[in-house]
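Just so you know, we're using my numbering here: the sequence shown kicks off at 1243 and counts up by one.
The hints are simulated quantities; they were obtained by calculation from the structure and are not laboratory data. Just so we're clear, the structure is a prediction, and the values are computed from it rather than from any experiment. For each residue, glycine too, the CB sits at the ideal point set by N, CA and C. Among the hints, erroneous ones may be present.
Unchecked claim - Derived pair list, reagent style BS3-like, types lysine-lysine, alpha-carbon separation capped at 27 angstroms:
#, residue 1, residue 2
1, Lys1319, Lys1347
2, Lys1423, Lys1452
3, Lys1341, Lys1283
4, Lys1288, Lys1298
5, Lys1302, Lys1319
6, Lys1247, Lys1291
7, Lys1283, Lys1302
8, Lys1288, Lys1302
9, Lys1347, Lys1456
10, Lys1319, Lys1341
11, Lys1247, Lys1298
12, Lys1302, Lys1347
13, Lys1347, Lys1442
14, Lys1438, Lys1452
15, Lys1291, Lys1302
16, Lys1456, Lys1247
17, Lys1247, Lys1283
Said to hold, decoys possible - Simulated DEER-style distance windows between Cβ atoms:
#, residue 1, residue 2, range
18, Gln1405, Lys1347, 14 to 20 angstroms
19, Pro1431, Lys1341, 22 to 28 angstroms
20, Lys1452, Val1326, 41 to 47 angstroms
21, Val1376, Thr1443, 31 to 37 angstroms
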Amino acid sequence: MNQFKIFESALLRHGITTRHGGVSNPPYDTMNTSFYGQDDKVHVMKNIKLSMDALKMTAKTIVATAQVHSTNILSIKDDFDFQVLRPFDTNDTALEGYKLYIADKTDGLITNREDVVLMTFYADCVPIVLYDPVTRTAATLHSGWRGTKDRFGQIGIETMCSQFGVRAEDIRAGIGQSAGKCCYEVDFPVIAAFEKNYTKTLLSGAVFPKDYGKYHLDLKWLNSQLLQMNGVLPQHIEVNQDCTICGTERYHSHRRANGGARGTMSAFIQCGL
């Protein structure tokens, strides 16, 4: 389980899983937290429970995203109606007695409630965790190249500020393990899409041309710059530099699996201690 030092003194329980510590069989071994694939759902629910227990999470309500590489964010306030979400059956699993809800077509979650666990999924895309210790508001975002291209981090900050009274300069941010600039290769149409939303000067720090018409792209650095451009102080940002593609032993990777079956990692967030 990976955690950020930037949140050590904050009233926030958080962590991003790795490949290890679960009960799933190959090719999902062992800590697979996605219940959308073909892995045994009993194993997945056990893995989620193990992760939450390791983080000492006490909430019995979990809201998980069904991600589509969008910039859609769900805000969960005190008056939120969970009936608008899709329930997932946890009977006869390790999560029996819990309520697990699915937020369809959603890639980000925000709450200031202490009785809800936020859950987002990753297997190369960038996890972004945001927390304001003043209003005790937390967000978790799934930002792949499409989300980063569409400035998802900025949208997350704007939503926290407009809906929860957060000030950007108070936000602490963690950028988790994801595809690194060492391995993350894209073609020119992807770079051209970024050029519509970012200056070429800024992209020069994130785009590295290769000899064969491809490019390496540093999504973590670009997301860090995006957060700073929208008011997050640089000393309030922590970046995990691990690459999920070449981190074979520690991480699941969609690119490395080349479209085949593989496990998925998750960020778990709960406000309060």
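Hints and how they fare:
no., hint, result
1, Lys1319 to Lys1347, "holds (19 angstroms)"
2, Lys1423 to Lys1452, "holds (12 angstroms)"
3, Lys1341 to Lys1283, "holds (15 angstroms)"
4, Lys1288 to Lys1298, "holds (15 angstroms)"
5, Lys1302 to Lys1319, "holds (16 angstroms)"
6, Lys1247 to Lys1291, "holds (23 angstroms)"
7, Lys1283 to Lys1302, "holds (18 angstroms)"
8, Lys1288 to Lys1302, "holds (14 angstroms)"
9, Lys1347 to Lys1456, "violated (30 angstroms)"
10, Lys1319 to Lys1341, "holds (17 angstroms)"
11, Lys1247 to Lys1298, "holds (17 angstroms)"
12, Lys1302 to Lys1347, "holds (23 angstroms)"
13, Lys1347 to Lys1442, "violated (31 angstroms)"
14, Lys1438 to Lys1452, "holds (21 angstroms)"
15, Lys1291 to Lys1302, "holds (11 angstroms)"
16, Lys1456 to Lys1247, "violated (35 angstroms)"
17, Lys1247 to Lys1283, "violated (32 angstroms)"
18, Gln1405 to Lys1347: 14 to 20 angstroms, "holds (19 angstroms)"
19, Pro1431 to Lys1341: 22 to 28 angstroms, "violated (42 angstroms)"
20, Lys1452 to Val1326: 41 to 47 angstroms, "holds (46 angstroms)"
21, Val1376 to Thr1443: 31 to 37 angstroms, "holds (33 angstroms)"
In summary, the structure is inconsistent with hints 9, 13, 16, 17 and 19 from the numbered list given earlier, while agreeing with the others.
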